[in-house]
Amino acid sequence: GAVVSQHPSWVICKSGTSVKIECRSLDFQATTMFWYRQFPKQSLMLMATSNEGSKATYEQGVEKDKFLINHASLTLSTLTVTSAHPEDSSFYICSTSAGGLAREQFFGPGTRLTVL
Amino acid sequence: GNSVTQMEGPVTLSEEAFLTINCTYTATGYPSLFWYVQYPGEGLQLLLKATKADDKGSNKGFEATYRKETTSFHLEKGSVQVSDSAVYFCALRDSWGKFQFGAGTQVVVTP
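For the record, the sequence lines run as chains A and B.
For the first sequence, the tail end lands on 116 under my numbering, and the numbers increase by one without skipping.
For the second sequence, the tail end lands on 227 under my numbering, and the numbers increase by one without skipping.
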């Protein structure tokens, strides 16, 4: 299956700083990537859909100015958590679809963000 | 809107026991159904899927059948191993490609 990587795998930052998380599609071109957030012992919640070369589409309740998404190439999407606060601490997961009839989603390993 | 409901965990089993995780859904149209597994510290991995009614997905001894009449997609495995300990997510994909996940069920298999 397709491989999706995320960097970093974990990050600890101080409150008020910004953190950038990278999501890379390693073996196919991904026109669409998805960003999810997962709280401890809870399910994945879709935050936004990232489309290459255009603005991301955010789900209701997700602050687009706080969670900046850039999808500048077919293999890279970035999520920047701006002015992070402790309540932003979470597990952030990206995924991408291989397209076609299967349209299976392949998930990255996730990035654990801890804001002190 | 669409929703996925799965049984709460944790589910604790002994090795070689039979595992069932219930999953029901509500959706408009004809969604595809999935089971994903998440091992500690890792991302989600596709376990199996079914794209239409009466399809049976199977992988690594796990099975689930797409039941449109009961809007269910229960996951089963006849004999679990310690290595099956993980969190299992039921999910649907709607006609527009958007995924909806269940809350996840933690499974703990003891030797």
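Treat each hint with caution, since some may be false.
To be verified - Cross-link-like lysine-lysine pairs, in silico, BS3-like; alpha carbons within 30 Å at most:
{"id": "1", "chain 1": "A", "residue 1": "Lys20", "chain 2": "A", "residue 2": "Lys66"}
{"id": "2", "chain 1": "B", "residue 1": "Lys214", "chain 2": "A", "residue 2": "Lys66"}
{"id": "3", "chain 1": "A", "residue 1": "Lys41", "chain 2": "B", "residue 2": "Lys214"}
{"id": "4", "chain 1": "B", "residue 1": "Lys168", "chain 2": "B", "residue 2": "Lys184"}
{"id": "5", "chain 1": "B", "residue 1": "Lys193", "chain 2": "A", "residue 2": "Lys64"}
{"id": "6", "chain 1": "B", "residue 1": "Lys176", "chain 2": "B", "residue 2": "Lys193"}
{"id": "7", "chain 1": "A", "residue 1": "Lys41", "chain 2": "B", "residue 2": "Lys193"}
{"id": "8", "chain 1": "A", "residue 1": "Lys66", "chain 2": "A", "residue 2": "Lys41"}
{"id": "9", "chain 1": "B", "residue 1": "Lys214", "chain 2": "B", "residue 2": "Lys168"}
{"id": "10", "chain 1": "B", "residue 1": "Lys172", "chain 2": "B", "residue 2": "Lys193"}
{"id": "11", "chain 1": "B", "residue 1": "Lys165", "chain 2": "B", "residue 2": "Lys193"}
{"id": "12", "chain 1": "A", "residue 1": "Lys14", "chain 2": "A", "residue 2": "Lys41"}
{"id": "13", "chain 1": "B", "residue 1": "Lys214", "chain 2": "B", "residue 2": "Lys176"}
{"id": "14", "chain 1": "B", "residue 1": "Lys165", "chain 2": "B", "residue 2": "Lys184"}
{"id": "15", "chain 1": "B", "residue 1": "Lys184", "chain 2": "A", "residue 2": "Lys41"}
{"id": "16", "chain 1": "A", "residue 1": "Lys41", "chain 2": "B", "residue 2": "Lys172"}
{"id": "17", "chain 1": "A", "residue 1": "Lys64", "chain 2": "B", "residue 2": "Lys176"}
{"id": "18", "chain 1": "B", "residue 1": "Lys172", "chain 2": "A", "residue 2": "Lys55"}
{"id": "19", "chain 1": "B", "residue 1": "Lys165", "chain 2": "B", "residue 2": "Lys214"}
{"id": "20", "chain 1": "A", "residue 1": "Lys64", "chain 2": "A", "residue 2": "Lys41"}
{"id": "21", "chain 1": "A", "residue 1": "Lys20", "chain 2": "A", "residue 2": "Lys55"}
{"id": "22", "chain 1": "A", "residue 1": "Lys14", "chain 2": "A", "residue 2": "Lys66"}
{"id": "23", "chain 1": "B", "residue 1": "Lys184", "chain 2": "B", "residue 2": "Lys214"}
{"id": "24", "chain 1": "A", "residue 1": "Lys20", "chain 2": "A", "residue 2": "Lys41"}
{"id": "25", "chain 1": "A", "residue 1": "Lys55", "chain 2": "A", "residue 2": "Lys14"}
{"id": "26", "chain 1": "B", "residue 1": "Lys165", "chain 2": "A", "residue 2": "Lys41"}
{"id": "27", "chain 1": "B", "residue 1": "Lys193", "chain 2": "B", "residue 2": "Lys214"}
{"id": "28", "chain 1": "A", "residue 1": "Lys20", "chain 2": "B", "residue 2": "Lys214"}
Stated by the list, open to error - Which residues of chain B face chain A? A partial, calculated answer using Cβ under 10 Å:
{"id": "29", "residue": "Gly157"}
{"id": "30", "residue": "Gln161"}
{"id": "31", "residue": "Arg183"}
{"id": "32", "residue": "Ala207"}
{"id": "33", "residue": "Phe215"}
{"id": "34", "residue": "Gln216"}
{"id": "35", "residue": "Val224"}
Hint data in this document are derived by calculation from the structure and do not stem from the laboratory.
The structure displayed is predicted, hence computed values, not measured ones.
Ideal placement from N, C-alpha and C gives every residue a C-beta, glycine not left out.
Hints, one by one, checked against the model:
1. About 12 Å separates the Cα atoms of A/Lys20 and A/Lys66, which keeps this hinted pair within 30 Å; it holds.
2. In summary, the hint linking B/Lys214 to A/Lys66 is supported, as the alpha carbons are separated by about 23 Å, within the 30 Å threshold.
3. The hinted pair formed by A/Lys41 and B/Lys214 meets the criterion: a straight-line CA distance of about 22 Å does not exceed 30 Å.
4. Proposed proximity of B/Lys168 and B/Lys184 is supported: the alpha carbons are some 8 Å apart, at most 30 Å.
5. A threshold of 30 Å between alpha carbons decides the hint, and for B/Lys193 with A/Lys64 the separation of about 42 Å lies outside it, so the pair is violated.
6. For the hint pairing B/Lys176 with B/Lys193, the CA-to-CA distance comes to about 9 Å; that is within 30 Å, so the pair holds.
7. The hinted pair formed by A/Lys41 and B/Lys193 meets the criterion: a straight-line CA distance of about 23 Å does not exceed 30 Å.
8. In summary, the hint linking A/Lys66 to A/Lys41 is supported, as the alpha carbons are separated by about 24 Å, within the 30 Å threshold.
9. Of the supplied pair hints, the one linking B/Lys214 and B/Lys168 holds, its CA atoms being roughly 16 Å apart against a limit of 30 Å.
10. Of the supplied pair hints, the one linking B/Lys172 and B/Lys193 holds, its CA atoms being roughly 13 Å apart against a limit of 30 Å.
11. Our distance criterion of 30 Å between C-alpha atoms is met by B/Lys165 and B/Lys193, whose separation comes to about 15 Å.
12. With a C-alpha separation of about 24 Å, the suggested pair A/Lys14 and A/Lys41 falls inside the 30 Å cut-off, and the hint holds.
13. Note on B/Lys214 and B/Lys176: the hinted pairing holds, with a Cα-Cα distance of about 26 Å set against a maximum of 30 Å.
14. A distance of roughly 14 Å separates the Cα atoms of B/Lys165 and B/Lys184; the hinted pair therefore holds under the 30 Å criterion.
15. With a C-alpha separation of about 29 Å, the suggested pairing of B/Lys184 with A/Lys41 holds against the 30 Å cut-off.
16. Under the criterion of a C-alpha separation no larger than 30 Å, the hint pairing A/Lys41 with B/Lys172 is consistent with the structure, at around 28 Å.
17. Between A/Lys64 and B/Lys176, the direct Cα distance comes to roughly 40 Å. Violation of the 30 Å bound is thereby established for this hinted pair.
18. Distance check on the hinted pair: B/Lys172 and A/Lys55 sit about 38 Å apart at the alpha-carbon level, beyond 30 Å; violated.
19. Using a Cα cut-off of 30 Å, the hinted pair B/Lys165 and B/Lys214 holds, with the two alpha carbons roughly 15 Å apart.
20. Simply put, A/Lys64 and A/Lys41 have alpha-carbon atoms about 25 Å apart, close enough for the 30 Å limit, and the pair holds.
21. Note on A/Lys20 and A/Lys55: the hinted pairing holds, with a Cα-Cα distance of about 17 Å set against a maximum of 30 Å.
22. Our distance criterion of 30 Å between C-alpha atoms is met by A/Lys14 and A/Lys66, whose separation comes to about 16 Å.
23. For the given pair, B/Lys184 sits about 19 Å from B/Lys214 by alpha-carbon distance, which is consistent with the 30 Å threshold.
24. For the hint linking A/Lys20 to A/Lys41, the alpha-carbon distance of about 24 Å falls within 30 Å, and the restraint holds.
25. A threshold of 30 Å between alpha carbons decides the hint, and for A/Lys55 with A/Lys14 the separation of about 28 Å falls inside it, so the pair holds.
26. Between B/Lys165 and A/Lys41 the alpha-carbon distance is near 23 Å, which keeps this suggested pair within the 30 Å criterion.
27. Under the criterion of a C-alpha separation no larger than 30 Å, the hint pairing B/Lys193 with B/Lys214 is consistent with the structure, at around 28 Å.
28. A threshold of 30 Å between alpha carbons decides the hint, and for A/Lys20 with B/Lys214 the separation of about 25 Å falls inside it, so the pair holds.
29. Interface restraint check: B/Gly157 against chain A, minimum CB-CB distance 8 Å, threshold 10 Å, status holds.
30. The interface hint given for B/Gln161 holds, since its Cβ lies 7 Å from the closest Cβ of chain A, which is under the 10 Å cut-off.
31. The beta carbon of B/Arg183 comes no nearer than 21 Å to any beta carbon in chain A, farther than 10 Å, and the hint placing it at the interface is violated.
32. The beta carbon of B/Ala207 comes within 8 Å of a beta carbon in chain A, closer than 10 Å, and the hint placing it at the interface holds.
33. With a cut of 10 Å, the hint placing B/Phe215 at the interface with chain A holds, because the nearest CB-to-CB distance is about 6 Å.
34. The beta carbon of B/Gln216 comes within 8 Å of a beta carbon in chain A, closer than 10 Å, and the hint placing it at the interface holds.
35. Interface restraint check: B/Val224 against chain A, minimum CB-CB distance 13 Å, threshold 10 Å, status violated.
Violation of the numbered hints given earlier is confined to hints 5, 17, 18, 31 and 35; the remaining hints are satisfied by the structure.
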